[in-house]
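Enquirer: Here are the chains, one letter per residue:
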Amino acid sequence: MEEFLQQLTNGLAVGGIYALIALGYTMVYGVLKLINFAHGDLFTYGAYLGLTLLTSLALTDRLGFFMGVLVLVLMVMGLVAVLGVILERAAYRPLRESPRLSAVVSALGASIFLQNTLMLIYGARFQVYPDNILPVTALDLFGLQVPVMRVLIVLASVVMMVTLYLFIQKTKIGTAIRAAAIDQGAARLMGIDVNRVILLVFLLGPALGGAAGLMVGLYYGQINFTMGWVYGMKAFTAAILGGIGNIPGAMIGGLLLGVVEAMGAAYLSIAWKDAIAFCVLILILIVRPTGLLGERVADKI
Amino acid sequence: MNRFTSFAVALFVALMAVAPLFLNAYYVDVLNSIGLYGLLALSLNLILGEAGLFNMGHAAFYAMGAYTAAILNTRYQIPILWTLPLSALVAGFFALAVARPVVHLRGDYLLIVTIGVSEIVRIALVNDVFGITGGANGIFGISRPELFGFVIRQPQHFYYLIWGFVVLTIFLFLRLKQSRFGRALNYLREDEVAAEGSGVNTDYYKLTVFSLGAAWAGMAGTLFAAKMTIISPESFSFWESVVLFMIVILGGAGNVAGVLLAAFLVIGLPELFREFSSARMLVFGLVMMVMMLVRPQGLLPAKGRQFSFAELNKGSLR
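Each protein sequence line maps, in turn, to chains A and B. Under this note's numbering, think of the first position of the first sequence as 1, with each following residue one higher. Under this note's numbering, think of the first position of the second sequence as 1001, with each following residue one higher.
Hints listed in this document are in silico derivations from the structure and should not be mistaken for laboratory results. Keep in mind the model is a prediction, meaning the values are calculated, not measured. Even for Gly, the Cβ is constructed at its ideal location relative to N, Cα and C. Be a bit skeptical, because a hint or two may be false.
What the hints assert, rightly or not - Computed, partial: chain A to chain B, Cβ under 10 Å:
hint	residue
1	Phe37
2	Leu95
3	Ala107
4	Gly109
5	Met119
6	Tyr122
7	Phe126
8	Lys172
9	Gly174
10	Thr175
11	Asp274
12	Ala277
13	Ile286
14	Gly294
To be verified - Label pairs and their computed distance ranges (CB to CB):
hint	chain 1	residue 1	chain 2	residue 2	range
15	A	Gln169	B	Phe1171	33 to 41 Å
16	B	Phe1171	A	Phe126	43 to 51 Å
17	A	Arg96	B	Ala1310	36 to 44 Å
18	A	Gly221	B	Tyr1026	36 to 44 Å
19	A	Arg178	B	Tyr1026	55 to 63 Å
Just chain A, same shape as in the assembly:
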């Protein structure tokens, strides 16, 4: 039972990270019907920017651990959001009227470019987050010893997801995003500036992805310039699992995937860990072809 609960909390932490990245995929897809393959690399930028800011500014020494990390998260989110907007301007905006797959290749090119920029700056080796500034103590939750970092990550991802959900559902701007996702043309006729919506989506998605990158750095302590592909692929799987374009779907998909993966690695086989996520995906898509919360789209005739 102890082992099971440890794996469950671990799965929730990883799942929260997947969910945050998946939100970026699903929001961009919702509005532009584009798979942003460079999103995983924006996530990696979050991890590397976090490392640089953490070591160069010594935020945790000046502000204490919690304030320091909070400021760090906000800085990383802001910077990665700016990167996301630049990416949209450079790689996607000129292709908005082109065949969909052209944008996919442009996204793949952007992904390779971003990845190799990081490699040239930081080198190809694993980078290590300093371990002396992170709390290593375990928290006692009803008799279960859970590392503080894990609890923080679960809490932070839940807070971000709830905030995003409320923003999308309750505010006027959120309504505009949902409207643009349903029908861009009609949204434009209703006086919604679709270009601003797209800009906003490319601010929000990368910001969350960047935060997720920082979390991976803080949680595992090790980052690599290629990790964006692996996490990006898992997060994209999560987004599809939940029904792409659907925001609560991405959250549920991410958490589910994280937990299933942790359980599979613990009880089935660690060597097959990466295959488990895809097996679950295929099984779910066979039963529900549009994902867990995806709506059935009738083909227009």
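Once you've looked at the hints, dock chain B against the given chain A.
Expert: Relative to chain A, chain B alone:
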């Protein structure tokens, strides 16, 4: 085909035919890789370009063919070129089994499922599934191919084997495109609902083209195994699928010439960028982006079908 293009094609074929006589072994080997990727990209072009099915896991079928050939050759001493049809069958039936439950999925869902399948295959190979794939080390000691008693050993000889197969493929695929089957695939790509409404059995065509493309990739895998004499799972990673996907879209989905041109660019350019050493992939990514921005339709987009009245009257379309 107007006079200029026929001249260009003839010149190109002539140049390719004598190229190994003038190039050193290194460049012949680059041309061999281009040929193999061209072959794979042509087979993916059937699925992705002609039928419009998003397949980003083509490396799985390539791996199936390569491993089938390698296992049959090293365990049962079957000459490597004799395994070609078997590799095609294994890869084709695997594709059929995989695609059967998922082929009706909408575009992007199919994309991630094919990525998933190729990752599952790769992980299965790494984990030495059934104890026959040799795990992460792969399989080595594959024998050299033999053709009518002649052992193919040097890059120059492989050049003619590989490009000979490419020429055969181009011929067959161009014929296929002109056939009823090819027209049905294009109809499927342009408008699935309308195709179904006009009596095109969409599931049948989707599954057939998936299996056919996969079988061809399987044969390319056999040639790869014969050329390398050693294969390991890392040769069939997600990256390979991505490269093939980029070749097809960059070249102009559905056009054989465009796909081959893109194979030359995507596989050949990084070799020319060698002097940039570590920055060459950065340049590669940038070039991909810029090429797509400049020519969103692909370098040589497929032209629409044209039929002359005389032809139509003869009823040659049946």
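Enquirer: A separate judgement is required for each hint: does it hold in the structure or not?
Expert: Tested hints:
1. Interface hint at Phe37(A): satisfied, since its Cβ lies 9 Å from the closest Cβ of chain B, which is below the 10 Å cut-off.
2. Contact between Leu95(A) and chain B, as hinted, is supported at the beta carbon level, the nearest pair being about 6 Å apart and thus within 10 Å.
3. The interface hint given for Ala107(A) holds, since its Cβ lies 9 Å from the closest Cβ of chain B, which is under the 10 Å cut-off.
4. Restraint check, Gly109(A) versus chain B: the minimum CB separation of about 3 Å is within 10 Å; hint holds.
5. Interface hint at Met119(A): satisfied, since its Cβ lies 7 Å from the closest Cβ of chain B, which is below the 10 Å cut-off.
6. Among the interface hints, the one on Tyr122(A) is violated; its C-beta lies about 12 Å from the nearest C-beta in chain B, farther than the 10 Å criterion.
7. Taking 10 Å as the C-beta contact cut-off toward chain B, the hint placing Phe126(A) at the interface is violated, the least distance being around 17 Å.
8. Hint status for Lys172(A) relative to chain B: violated, with the closest Cβ pair at about 30 Å, above 10 Å.
9. At about 24 Å, the closest approach between the beta carbon of Gly174(A) and any beta carbon in chain B exceeds 10 Å, and the interface hint on this residue is violated.
10. For Thr175(A), the interface hint is violated, the least distance from its beta-carbon to any beta-carbon of chain B being 25 Å, above 10 Å.
11. At about 6 Å, the closest approach between the beta carbon of Asp274(A) and any beta carbon in chain B falls short of 10 Å, and the interface hint on this residue holds.
12. Taken as an interface hint, Ala277(A) checks out: its beta carbon lies about 8 Å from the nearest beta carbon of chain B, inside 10 Å.
13. Among the interface hints, the one on Ile286(A) holds; its C-beta lies about 5 Å from the nearest C-beta in chain B, closer than the 10 Å criterion.
14. Taken as an interface hint, Gly294(A) checks out: its beta carbon lies about 9 Å from the nearest beta carbon of chain B, inside 10 Å.
15. Checked against the hint of 33 to 41 Å, the C-beta distance between Gln169(A) and Phe1171(B) comes to roughly 58 Å, which is inconsistent with it.
16. Hint check: Phe1171(B) to Phe126(A), Cβ distance near 49 Å, so the stated range 43 to 51 Å holds.
17. Between Arg96(A) and Ala1310(B) the beta carbons are some 42 Å apart, a value that agrees with the proposed interval 36 to 44 Å.
18. Checked against the hint of 36 to 44 Å, the pair Gly221(A) and Tyr1026(B) passes, with Cβ atoms roughly 42 Å apart.
19. For the pair Arg178(A) and Tyr1026(B), the supplied restraint of 55 to 63 Å holds, since their beta-carbon distance comes to about 56 Å.
Violated hints, listed in ascending order, are 6, 7, 8, 9, 10 and 15; each of the other numbered hints is respected by the structure.
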